[in-house]
Amino acid sequence: ACSSGEASTSSEGGDVRKVKVAYDMASKPISWLDDNGNATGYDVEIMKLVDELLPEYEFEYVGTTSDDLLIGVEQGKFQVGVKNTFWTEERTEKFIFPKEFLGLSSAGLVLKKENEHIKSLEDFATAEYSLAPIAANNAQYTVIDEYNKANPNNPVKLDAGDAFTVDVIQWVNEGRVDGGVIIEGPFQKQVLDETGPYYNLKDEVVYNEFAVIKTWPLFNKKEQEFADAYDKAIKQLQEEKKTNELSTEFYGRDLFEVLDQVER
Amino acid sequence: MLTINEIHKSFGKNEILKGVDLTIDKGDVVVILGPSGSGKTTLLRCINFLEKADSGMATFGELQVNLHDASKKDIHNIRQKTAFVFQNYNLFNNKTALENVTEGLVIGRKIHKTKATDIGKKALDKVGLSDKYNSYPSQLSGGQQQRVGIARAVALNPDIILFDEPTSALDPELVGEVLTVMKNIANEGTTMLVVTHEMSFAKDVANRVIFMDGGVVVEEGTPHDIFISPKEERTKKFLKRVLPEDYTFYI
Amino acid sequence: MLTINEIHKSFGKNEILKGVDLTIDKGDVVVILGPSGSGKTTLLRCINFLEKADSGMATFGELQVNLHDASKKDIHNIRQKTAFVFQNYNLFNNKTALENVTEGLVIGRKIHKTKATDIGKKALDKVGLSDKYNSYPSQLSGGQQQRVGIARAVALNPDIILFDEPTSALDPELVGEVLTVMKNIANEGTTMLVVTHEMSFAKDVANRVIFMDGGVVVEEGTPHDIFISPKEERTKKFLKRVLPEDYTFYI
Amino acid sequence: MSEGLNYTFLIDTFFIALSGVPITLLVTVVALLIALPLGFLLALTRINQVPVLNWFSRIYVSFVRGTPIIIQIFIVYASVPLILSLFFERYNININVYDINPIWYAFIVFSFSTTAILIEVFRSALSTVNKGQLEAAQSVGLSNFQAYLRIVIPQALVVALPNICTATVNLIKATSLGYAMSLQEITLKAKVAANVGYNYVEAYIDIFLVYIILCSLVEYGFKLYEKRLRRYKYVSA
Amino acid sequence: MHNMEKYFDVSYIWNSLPILLPFLKVTFVVAGLSIIFGTFFGLILAMMKLGKSKIAQKIANFYITILRCTPSIVLLFLVYYGVPALAENFGLYLHDLNTAVFVVITFTLQFAAIMAEVIRSAYESIEKGQFEAAVSVGLSPFQAYRRIIFPQALVVALPNFGNGLIALLQEGSLAYTIGLIDIVGKANLIIAANYNTHALEIFIALALVYWILSILIEKFFGKLEKVFSKGKHTINTN
Ligand SMILES: Nc1ncnc2c1ncn2[C@@H]1O[C@H](COP(=O)(O)OP(=O)(O)OP(=O)(O)O)[C@@H](O)[C@H]1O
Ligand SMILES: Nc1ncnc2c1ncn2[C@@H]1O[C@H](COP(=O)(O)OP(=O)(O)OP(=O)(O)O)[C@@H](O)[C@H]1O
Ligand SMILES: [Mg+2]
Ligand SMILES: [Mg+2]
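Protein chains in written order, with the numbering used here: chain A, 1 to 264; chain B, 1 to 251; chain C, 1 to 251; chain D, 1 to 237; chain E, 1 to 238.
Among the clues, some could well be false.
[Claimed, not checked] Straight-line Cα separation of at most 30 Å, DSS-like style, residue types lysine-lysine; simulated pairs:
| no. | chain 1 | residue 1 | chain 2 | residue 2 |
| --- | --- | --- | --- | --- |
| 1 | C | 73 | E | 52 |
| 2 | C | 236 | B | 203 |
| 3 | B | 18 | D | 227 |
| 4 | B | 132 | B | 110 |
| 5 | E | 58 | D | 227 |
| 6 | D | 227 | B | 132 |
| 7 | C | 52 | B | 183 |
| 8 | C | 52 | C | 73 |
Simulated from the structure, these hints should not be mistaken for laboratory data.
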């Protein structure tokens, strides 16, 4: 472990296992590569804390794209990957989901002020509004897709697209689409933060949460032991309220307060 | 029938034609001789407006045209009265022999297709290519291609046919067939203006020979005048070069 | 000096050379005539191993070589004793005139560069190109290029120079300069085997003329024998075609 | 792959990828329909040195050849709506820019880039047709326009065809970047299918196969057509 | 006008340039290595195509067709995941290799296919007579290739080589999709750090960099061609 206090871990010799933790380097504030070339973000910082609690492991953070992260973990190039992943049935065939989740993510709709009354995906679908495209490998896509499967009579119009060509807030504000799915954290940083690039739009667009969702680290299929170790550590962190602190730091809100309402 | 007056033409600073005059009567076969670069090709091209002269007049029967700023209509008219046979044939590569001949008739002259085909076949028969109607240029020998070129010119039934070294791109053995065709056409009374190095043709067929050098007409006369008793020094020198004394060997 | 025996060569199913024999003595100038496709070029190319014959022997003084399966060394040896002048010159486009001439000396024969340059300059002087040492082929006229081609051959000081229609790609006016150069070289006693259509050259310079047709030697003899009193019907027919009676005009 | 391939998924997704072919072809065909005539006209402006247009097409070609198509896509996708809405606003045109189907962006981007490529193709093809052909046509009384239409263009086309084929294949390949603008083509469809169970490797193998089949067929078609067009070049005996 | 002002801020272009430009180094290293290996491999393919062996010709043609038909983005992906998986079958563990290695492999494969055609057509454009003249003055076939054919073929190949290079550089812009942080990868990081805002400006900055780069390459090859083509375009000096 990258233990700050202990002088040397090398004395423990071969017991320390190096593992690669992949993170999506372009997914601020969940995980990203900052200007100084360091990995950071909610998911990454949690993993750093986990590392501290696991002396028998030493984490190395590898920034990559979201496609690569998934395939890399599956193939064993990385032992674990974090990218705000939601749980789906199919994914359990390819990855180990540990028992304990990593964090919480508030997913919501960005809407124009005048559409403030749209509170849920049902409302959105009933109004027959258009939705900004979502990258196919983004967990948000899965969420909407699952909603559509569950509500075949009232589906949301869903398009796949690419991550950096879609600027959700801009698109909604200028009317290119009626709404977009966004995670609360980025919305906070872009619109509500005084230094945010879209602070000027704070009175024109709103964020309406429709779900708070658990996010998970993905472990390679052979890493059951590692996943178990992770479970132990994260439990301790949750008890120490470390997760709450980081949630507030990166998402501007302690999502663990609403944990009891979380459905998935 | 065709008169050319004071034609001038420069390329950049090079004056190539320095005032050439020319008169051709109906039925004339005029041969132009001259060293390379003397402006023979340029003269022919100016007459057919493939090159725009700097100044000069052309008179075609009734029709008088300024060679420098002729209207589109005049150009079209003159091109209807003339035909050009190119040194390297310039057959339309994407058309058969017959289509090569009829193209100008059908598209340029708006003659009905069946009639044009008729004319075209006759023209090809005349040059001895009755069996090549549907061959593409790439399937013909050089001599055959040039004969198609001649047929294409003849079919247009022009007042005058301009030939620019029609045999100089041919293998020596193929020259004969083309010259024979040209002789036949001349004997039918077609008016022809021919740039050639073939002295035998000049001697046998031409009724007038013009010797050009440095962009001017140096001397003109009957073949006998020019070949046997040239007056100008330049003419003598040129003939000596192209007709080496060695030829006396073949008595 | 050079004897060729029973050379055979086919391209696919086409038999082009059907057993040709040839003897050339030192100092001979032999001219090969024949219609297009008769195998003249192929014969020359086989002698120089630019084409591999199907069978046949070549005897070069002491050296006897099978033309079909000569060793690399034999090929190299024969190429040292021969030089080739090509119809379309084939000068090295990326080399100056002088470099064209010295290339074979410096690289092929390992002659020291200064010496080679000396030889090269002399060869170019001999063909009248003293002022063109440093010109690239693209800066030379066809006649000049062919003279460089001849200089390149002469500089190698070969036992025999093979010429394949050296003037047929030239404008009529440029033919003379190349023929003059060839005559001079012949007069110096160089052994030459020349394929050409230039009858004047054959008559003036050759001491033997060979007439080929259909892949065999039809007739051979002195120029006088062949031109004035050919024996074979095929020879007569061919000469009639390439020497039209019209030439009598230039007495 | 360490887990082995999921063959059922591989086969199912192949057909999903295949279902993107019509969109890919539609974009390709529309882009070619726009680019062929436009490229030809602009090539003529270059050859005939038409003052302003000549310069315009030079810069245009230089830009398109000089920048990656993915970046062109990014730029067009981000800027065209802004520019259009500005334009509509100014002239009070009552069209909602954002009702425009993403396929229109694909039409714009790919016509834009293909035109530039074809300008160069036609320019070099036209210059291979001997000037004598044009002169011969004029000398038998064809007008300039007729001469181009009947003699020059058919010959230039034969020379250009292999390059047009290359441009077409490149165009088809480039549409795989259409994912960046939500174009429902081969790549995006397969990737969406892969997202459910993260079967990316299988999806990419399918995409690979579909492109190979598609492009080989297109190349084969061009070869056949070329053979027909070239018939005048074959020497029969 | 208000839309433009709200979303478009030119200062983002200028500010991103100094951040982007250092990452050209990655782009250059990757492209440079691909060019070196690709040219070498392309030469082998060209020799296979020009040689007498029918099987070698078939293999080379098949390879070239496949690569011509595969979008770079797909090839990148297949190499990035396929090569380590294949290597695993031979007991090699390649997952630790730097992403750049896979990018180089991908573009080496692709550039080789382009170069094979460039080299072949350059070789074929040199008249057979040049070789014949060379051996007829006593050069060995190898000397004839090295001193006469190669220098001339090089001149013919240069412009196409330059075009291939520009094409390679542009296809290389897709390497970001497998996580290479070259200039495009960095641009995406900048955009992500801005929460996906002001992407247009960053893309414009990228386009400018690429455009200027390709103009420089074109100019450079134009110059190079002049230097090498002695004896070719010098007619007017006569
Ligand atoms: N388009 C052109 N641009 C510049 N110069 C030209 C052009 N056409 C011809 N010339 C020059 O004009 C001169 C005369 O050319 P022209 O072709 O008329 O001569 P010619 O008498 O036909 O010669 P040849 O017997 O070689 O055909 C030459 O010096 C040539 O270089
Ligand atoms: N590489 C080749 N492959 C197939 N056929 C060939 C080849 N080279 C020559 N031929 C054929 O061999 C025959 C003789 O050709 P060759 O060039 O020796 O004739 P030639 O007497 O030199 O004729 P010309 O006077 O036209 O130069 C011709 O029919 C030609 O088509
Ligand atoms: Mg001329
Ligand atoms: Mg020959």
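Hint-by-hint comparison with the structure:
Distance restraint check for residue 73 of chain C and residue 52 of chain E: the Cα-Cα separation of roughly 23 Å lies within the 30 Å cut-off, and the hinted pair is therefore satisfied. Distance check on the hinted pair: residue 236 of chain C and residue 203 of chain B sit about 25 Å apart at the alpha-carbon level, within 30 Å; holds. Distance hint between residue 18 of chain B and residue 227 of chain D is unfulfilled; the C-alpha atoms sit about 50 Å from each other, more than 30 Å. At most 30 Å may separate the alpha-carbon atoms for a hinted pair to count; residue 132 of chain B and residue 110 of chain B meet this at roughly 24 Å.
Only pairs whose Cα atoms come within 30 Å are accepted, and residue 58 of chain E paired with residue 227 of chain D is accepted, the gap being roughly 21 Å. Distance restraint check for residue 227 of chain D and residue 132 of chain B: the Cα-Cα separation of roughly 22 Å lies within the 30 Å cut-off, and the hinted pair is therefore satisfied. A hinted pair counts as satisfied when its Cα atoms are at most 30 Å apart, and residue 52 of chain C with residue 183 of chain B does not qualify at roughly 45 Å. Between the alpha carbons of residue 52 of chain C and residue 73 of chain C the distance comes to roughly 15 Å, so the proposed pair stays at or under 30 Å and holds.
Going through the hint list in order, the structure does not satisfy hints 3 and 7.
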